[in-house]
Each structure stands twice: as C-alpha cells, then as structure tokens.
Amino acid sequence: MIEKLVPLFSSIPNILFVIASAVALLSAIFTVTRHNAVHALLYLVITMMAISLIFFLLGAPFAAALQIIVYAGAIMVLFVFVTMMLHQGEATIIQEKQLYQPSKSLGASVLCIILLAECLFLLSPLTGEEPLAAFSQAAQTTQTETLLLTGKAATNKAVTDKAVTISGTLASSATVSGATVSGNIGAREIGLTLFGPYLLLVEISALLLLTALIGAFHLGRRHQEGEL
Amino acid sequence: MIPQEFVLFFSLALFCIGVFGILVRRNLLFILISIEIMLNAVAVLFVAASHYHNNADGQIMYLLILTLAASEVAVGLGLLIQMYRRTHTLDVDRLSSMKG
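Chains A and B, in that order, give the protein sequences. If you read the first sequence in the working numbering, its first letter stands for residue 1, the second for the next number, and so on. If you read the second sequence in the working numbering, its first letter stands for residue 1, the second for the next number, and so on.
Bear in mind the hints are in silico, worked out from the structure with no lab data behind them. Owing to the predicted nature of the structure, the values given are computational and were not obtained by experimental measurement. Among these hints, one or two may not hold up.
Unchecked claim - Simulated restraints on C-beta separations:
(1) A:S103 x B:K99: 42 to 48 Å
(2) B:T87 x A:G191: 44 to 50 Å
(3) B:R94 x A:L122: 36 to 42 Å
(4) A:S109 x B:V42: 18 to 24 Å
(5) A:V110 x B:K99: 39 to 45 Å
(6) A:G89 x B:V92: 20 to 26 Å
(7) B:M98 x A:A206: 33 to 39 Å
(8) A:I12 x B:V92: 44 to 50 Å
(9) B:L68 x A:I68: 17 to 23 Å
(10) A:L122 x B:T87: 39 to 45 Å
(11) B:Y84 x A:L42: 19 to 25 Å
(12) A:L210 x B:Y84: 23 to 29 Å
The beta-carbon is built from N, C-alpha and C at its ideal position, and this holds for glycine as well.
Whenever a hint applies, use it, and build me the whole structure from the sequences.
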C-alpha cells in the first residue's frame with residue numbers, strides 16, 4: 001500500500017496534484033456542510049479553482065481556462081445573485097440550522113463512506129493486481145496507433161491536412177510522454193475536433209442553451225395575480 | 001505522469017461528497033450546489049481520460065458538460081426563485097401540496 005503511494009510524491013506535478021485534490025475535497029466538504037449560503041458559495045469557488053489547477057496538471061490548459069471563466073465566473077455569479085435576492089441575514093441562517101443538523105446526517109455519511117470504500121476497493125492498490133487493465137491497455141494502444149500514424153505521415157506525403165495535424169500533435173505528445181509531463185491538448189486540437197466530427201453536438205448544445213434561456217426567462221418572470 | 005488511480009479516486013471522492021450533500025441538505029440551493037459538485041467530478045474524469053488516451057474527445061465531452069451545467073443552473077435557479085415566491089422558504093419538504 002505504502003509502496004503504491006510513493007510514485008505520487010515522485011515529481012513536482014504529482015505533489016501539486018496531491019495538494020490541489022486535497023484542497024478541492026476539503027472545500028467541497030465545507031461547501032455541503034456550511035449553514036451560511038454565502039460561505040458555502042465561497043468554498044465552492046475554491047473547489048472550482050482547485051479543479052482548474054488539476055485540469056492544468058492533466059495537460060488541458062483550455063479546459064482549465066474554461067473552468068475558471070464559466071464555473072468560477074458565470075455560474076458562480078448566478079448563484080451569488082440568487083443568494084442576494086433570497087438571503088435575509090440571521091433569520092435565514094437560523095432557519096437553515098433547523099433544516100440541516102450535522103448530527104442527523106450520520107446515516108447519509110455512513111452510506112457515502114461505504115460507497116466510497118467500495119469504489120476505492122475496486123480501483124485499488126489494496127488488491128495488488130493491475131487495477132485498471134482496460135484503462136491502461138487502451139492508453140497503450142493509442143500510443144502504438146500514434147507511432148503508426150507518425151510513421152505514415154513521415155512516408156506518405158499525400159495525407160490530409162487533418163491527419164497531419166493530429167499525428168503532429170500526437171507525435172509531440174508521444175515523444176514527451178516518456179518524460180514527466182505528457183503532451184498538452186490545446187485549443188487548436190479541441191477546435192478542430194469540435195467543428196469537425198462533433199459539429200452536430202454543437203448545434204444540439206445551441207438548442208439546449210436556447211431552451212434553457214426561454215425556460216429560465218419564463219420561470220423567473222413575476223406572475224400577475226390570478227394568472228398562472 | 002500522474003497515476004491514473006489517484007485521479008479516479010479524486011473524482012469518485014468528489015462525486016461521493018456531492019451525493020452526501022444531496023442526501024443531507026433540505027435547502028434547494030444546496031441541492032443545486034451539490035449537483036454542480038457531482039458534474040465537476042464527472043468532468044474531471046473526462047479530462048483525465050482525454051489526457052491518458054491522448055486525444056481531444058474527452059475535452060469535447062467536458063465542453064458539453066459545461067453547457068449542460070450552465071443550462072441546468074439557469075433553469076434550477078429560476079425554479080428556486082419561483083419556489084421562494086410561493087412558499088417563502090427553500091425547504092424542499094414543504095413542496096408536498098400534491099400529497100393526498
């Protein structure tokens with residue numbers, strides 16, 4: 001068990017990951033247990049920032065930036081505005097203390113800890129076997145495909161532009177992944193994929209956002225007396 | 001390279017904290033916050049998979065989760081405001097007017 005934990009502290013990105021994930025988990029626990037909604041929201045911002053740092057360590061700078069902009073920026077502003085509208089100082093906190101008593105959450109915490117322990121056992125360094133054979137095998141096959149692709153790109157000049165980009169990026173990541181830092185997946189690759197094979201999903205999410213806009217407008221409207 | 005098991009463990013732990021929040025809180029605002037935490041846990045998993053498989057698909061899924069979360073928060077907070085206007089409380093147990 002202890003030997004399995006050693007690689008976690010072997011390099012600086014790993015240590016940063018441990019610190020960031022500890023901060024995220026602690027602040028998430030504080031978020032769900034505070035009585036004051038404003039304090040909970042501030043802890044939630046810390047969680048989002050820690051997760052953003054983890055994205056950065058996982059080689060996803062674009063996702064990290066989006067996490068800050070959308071979650072810690074836009075979504076949090078929505079929450080804070082609603083809290084401003086509904087929060088009435090001491091009265092709300094007293095009411096909330098009646099609604100949520102930490103002593104009464106024993107059952108839920110036991111259930112959640114059982115769930116977590118089960119997941120931990122499935123993943124686990126405890127069983128001693130290779131825990132995620134499928135996961136790492138898939139990663140390895142991707143690596144070999146990468147090598148094949150780069151070989152092709154080197155020999156065959158008539159490959160399409162996209163294949164060149166993909167193999168180029170994968171080649172750079174394949175050469176780097178032997179070192180401590182694996183390749184980054186930047187905004188360029190995401191953009192090419194998003195507006196290539198996933199174009200339909202962009203349209204669907206546009207529809208989703210429009211629906212949400214209309215729904216939120218309708219729900220937030222102040223209804224007249226007698227009208228429903 | 002960050003070991004995969006630990007990223008998975010982090011994601012699962014975050015998800016369990018979200019489940020815990022939904023189970024113990026009766027305030028609608030906190031239930032929405034817990035849902036946000038759970039969505040974030042899944043997003044971490046997608047970005048991690050994208051990292052270990054060296055392709056961008058996981059981050060596309062992250063973008064979609066982001067869109068979903070934004071819409072969900074907008075509609076959820078609209079419902080929250082309506083609930084407060086009608087019942088003057090955020091206790092979800094008070095929403096029992098359909099009970100017999």
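We went through each hint and held it up to the structure:
Checked against the hint of 42 to 48 Å, the pair S103 of chain A and K99 of chain B fails, with Cβ atoms roughly 27 Å apart. At about 46 Å, the CB distance of T87 of chain B to G191 of chain A agrees with the hint of 44 to 50 Å. In this structure, R94 of chain B and L122 of chain A meet the distance hint of 36 to 42 Å, their C-beta atoms being roughly 39 Å apart. Distance hint for S109 of chain A and V42 of chain B: a CB-CB separation of about 22 Å, consistent with the stated range 18 to 24 Å.
Evaluation of the 39 to 45 Å hint for V110 of chain A and K99 of chain B yields a failure: the beta carbon distance comes to about 29 Å. The hint said 20 to 26 Å for the Cβ distance between G89 of chain A and V92 of chain B, and at roughly 22 Å that hint holds. Between M98 of chain B and A206 of chain A the CB atoms are about 35 Å apart, so this pair conforms to the stated range of 33 to 39 Å. Take I12 of chain A and V92 of chain B: their Cβ atoms lie about 45 Å apart, and the range 44 to 50 Å holds.
For the hinted restraint 17 to 23 Å between L68 of chain B and I68 of chain A, the CB-CB distance of approximately 18 Å keeps it satisfied. In this structure the hint that L122 of chain A and T87 of chain B lie 39 to 45 Å apart at CB holds, the actual value being about 42 Å. In this structure the hint that Y84 of chain B and L42 of chain A lie 19 to 25 Å apart at CB holds, the actual value being about 22 Å. With their beta carbons about 26 Å apart, L210 of chain A and Y84 of chain B fall inside the hinted range of 23 to 29 Å.
When the structure is compared with the earlier hints, violations turn up for hints 1 and 5 and for no others.
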